Amino acid sequence: MHQPVIKLLVVAMMMTLGISSLRAKPLNVPVVYYKLPNGLKVVISEDHIAPVVSVDVYYNVGFRVEPKGRTGFAHLFEHMMFQGSANVKKFEHAKFVEANGGSLNGHTDFDYTNYYQTLPSNRVEMALWLESDRMRSLDISEENLKNQQNVVSEEVRVNVLNQPYQLFEWIELWKNAFTNWNNSHNGYGELDEINAATIQDVRSFFKTYYAPNNAVLTIVGDVDVAEVRKMVEKHFGAIPSQPMPPAPDLTEPAQTKEKRITQPDKLANLPALATGYHLPPQNSPDFPAIALLVQIMQGDDSSRWYQRLVKDKEITLDVTGGLNYFGNEFDYAGPMIMTTRTTYKPGHTADEVLKEMDAATAEVATKGITEKELADAKIRYRSNFYSQLDGSNGKAHLLSVLALFRDNPGQINSLLTPFEAVTAAQVKAAAAKYLVASNRTVIDRVPEPKSQGDK
Amino acid sequence: MKLFVAVIVLTISTLPVIAQQKTPPAPGPARPLNLPKITEKKLSNGLTVVLAPLPNVPKVSAILTFRAATNATDREAHPGIAQIAAGVANEGTDARTSKQIKEDLRSIGGSLSLGSDADQTTLTATALSEFSTRMFDLMSDVAQHPSFPESELKLAQENTIQQIRAGRANPGFLVNERFQKAVFGNHPYSFVVPDEKSIGALTRADLKSFVTKYYIPNASHLIVVGDIDVDKTFAEIEKAFGSWKSGTIPPDDNPPTPVREKRQIYFVNRPGSIQSAIYVGNVTIPRKHADYFAIRTADTIYGSSFYSRLTRNIRESKGYTYSPFSSSNTQAKTGYIVAGAFVRNEVTGPTLLEIFYELDRMRVLPVTDEELNAAKEFSTGNFSVELASQIGLAGRINTVYTYGLNKNFIEDFRPKIESLTTADIQRAAAKYYDTYRAAIVIVGDWEKVKDQVIPFGEVTMYDAEGNVIKS
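Each protein sequence line maps, in turn, to chains A and B.
The numbering of the first sequence is our numbering, which starts it at 3 and goes up by one.
The numbering of the second sequence is our numbering, which starts it at 10 and goes up by one.
Chain A extracted, bound-state conformation:
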């Protein structure tokens, strides 16, 4: 049954070293995809390169659907999923996974919340049992809720409130770039709202969103499909489905003029600037060109903004960001902005930085890019894509979001195709259409003068 062969990759043609063609090796990820009668989407991908397996559960719920007055709730809830279920005591999920040789975590994002573990492949059923137990029977107490409200409050302090810049390129940029509260609010959460959550909030959120018909279960690694299917049915088959609430309104009005904000920063020593440009939806015909445009403007140290700001003009220290602040092109399902953050040197101004960014953009929007630049950007894009698949966890992530948002995990094998077809003219047109001042929000984060007490 088990064939210790490498199935992932097949060399399809003789490769040459010219730069004009894209030489993509077709991906060949085996994908088995089906749904249980309760609506649970199941993805299984065999890979016998090492005796390990990743078991991931993705729920179709993220920051954007949390209730008003409860910023940070989706993330607080993620913590509650480790607080015990009918047969697994508080925090024992971690105990069982680690004592079986694995590692684990959870993550909350704009449009999904996921729980994942990677462990030796002969322990796959342990992971399935643990995930099924909490999907079916999460057990919540007042005491455990209070405990995790404290933990999450410390998380917000350590990652946001006690840090210079306070993640302004996410939290502040989103607050200002978007007008619909579902998109704009602080997904990490305001401390008073995190601490206002009640046990009733937790129960109702669980019942509404943590149902098999709102989830994907993905198993990637050294398993046998037939055997693991039986285990999936045994542990998940009898979990009842739930009626789904109507989809939240995520619509955003079109932005018509630039938003500029200056914020003081009590903790930072150097100024920083963040910009966010609204993007069209992923199914827009412009989208593949935008993904390559992002690569060309800020994807690496050869990129146009990096070269201009850091190397040619020497006014900033770094250029970071990308198309999706937390993830990639495929793992979100709502309005998005392209984010750029740069720390600039004292003695320079935000206007100067913006002027140089705009000059670099204008070159692309008016003169366009060379065929070599386009070909190289595609190679870089393909290489980054493969890096996501180095290890079972990254592959499981991609399969999961394709099942969750597109009902089509098999698309993993043809995901690069639209990006490979992009032309230089499309990249130029995308720059002219989207990288314009009226489509962006800019935040200038300026250090407050230090007080006397600092010495």
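The hints are all genuine.
Below, a list of computed lysine-lysine pairs in the DSS-like style, where the Cα atoms sit at most 25 Å apart:
hint	chain 1	residue 1	chain 2	residue 2
1	B	Lys163	A	Lys313
2	B	Lys440	B	Lys425
3	A	Lys92	B	Lys31
4	B	Lys108	A	Lys315
5	B	Lys50	B	Lys254
6	A	Lys268	A	Lys452
7	A	Lys91	B	Lys385
8	B	Lys459	A	Lys268
9	B	Lys479	B	Lys190
10	B	Lys46	B	Lys241
To give a feel for the contact side, a few chain A residues facing chain B, derived at Cβ under 8 Å:
hint	residue
11	Val54
12	Lys97
13	Glu100
14	Ala101
15	Leu106
16	Asn152
17	Ile381
18	Ser385
19	Leu391
20	Asp392
Listed next, the stretches of chain A that the computed footprint assigns to chain B, with coverage defined by at least 3 CB atoms under 8 Å from CB atoms of chain B:
hint	stretch
21	85-92
22	119-126
I should point out that these hints are in silico values taken from the structure, not numbers from a laboratory.
Bear in mind that the values here come from a model prediction, so they are computed numbers and not experimental data.
Backbone N, C-alpha and C fix where the C-beta goes; we use that ideal spot for every residue, glycine too.
Here the structure of chain A is known, so what remains is to put chain B in place on it, guided by the hints.
Just chain B, lined up with the frame of chain A:
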């Protein structure tokens, strides 16, 4: 092999109703380990080459390691020279400008960066495997012919100074910097970042003579992991690195490591802090020491796994912190343990109390068989996961060569972990969790937390720049 695998879409129409299982399922039979096949070769100039095929994605990862440490011989004349040399080496060679290097990398889907730590400088590169020849060519160019253009050096000096200034606003940077100095005292391992004067004083000639001395094939090793064919790849490496001239291996002149004499608090005052960043730790052992496996496993039980004692105590029971952790770090000459957490001001003292309580509990009482067995499974299971990614495997092999470990390290890992007893763990904890002589480093608002801190020991106070503040 098939070219395409069809996606099977199935719906299961009927299912038996099965009650929720109350107890955890038993493991299945153990699966074959599929340990990577590792081949070691040597070029005639002395470069050690280690190759490990792992064709999970069509990429290749390589690490070229020089014995050029931040703490090497030249540290006294030129503090930070290894760090700056690593930062500027890929900003221009005799044949390529900085921009050409970056564009060449983009055209092979590649990356190339250098970094230096206490024992080594590593040049790490990745690329699509179809472009491996060009990746080796770039690595070789940067290793042999960095030109350190004046303009690039000047920019790197300015930017490094600014980056360090930016870092001094970050409590994580400050607590680590002060901790390394507290634990390693005057030893070169205490180095974190150079001061602004030292950065400014470095010249192009300094850097060139530094790399001529230390970036030499006969004191280096090259680890290559990925979608490769051993013979073909070795031939590519011979072609790229064969003409690299060997040099004289510099002496290893690091002094013996210090021993801490008493428990002491090093407090970095950051007025306005709403949390205390706490590190507690001490000097331990070199990487090759026989106690490596015992101290590593003690650390798993104490604080480095999620279900550790420290996390269960100060996070899951008391809610003091999001981020409790511990870590055992071993280097060529010696290592350190560190336990820590970032906690709200009000629980600074209670957190210190619990960190010490859990450290002392490891010293005084044996861990349970259940804890030890879980820690063993955790270590061996996660080791397998690490070996299944290209970067993970390359990094693991690199430590074998950097620290001169037994070449069977990967095969031996599991039996060494499995042979540990609870007595081994307690003995290691009693010896190395030396709470009597621990360094306690806190970054926080002194006025807000001083009453909670003072009972734990004598305090030396610093500002964010590292100057001692007289109280």
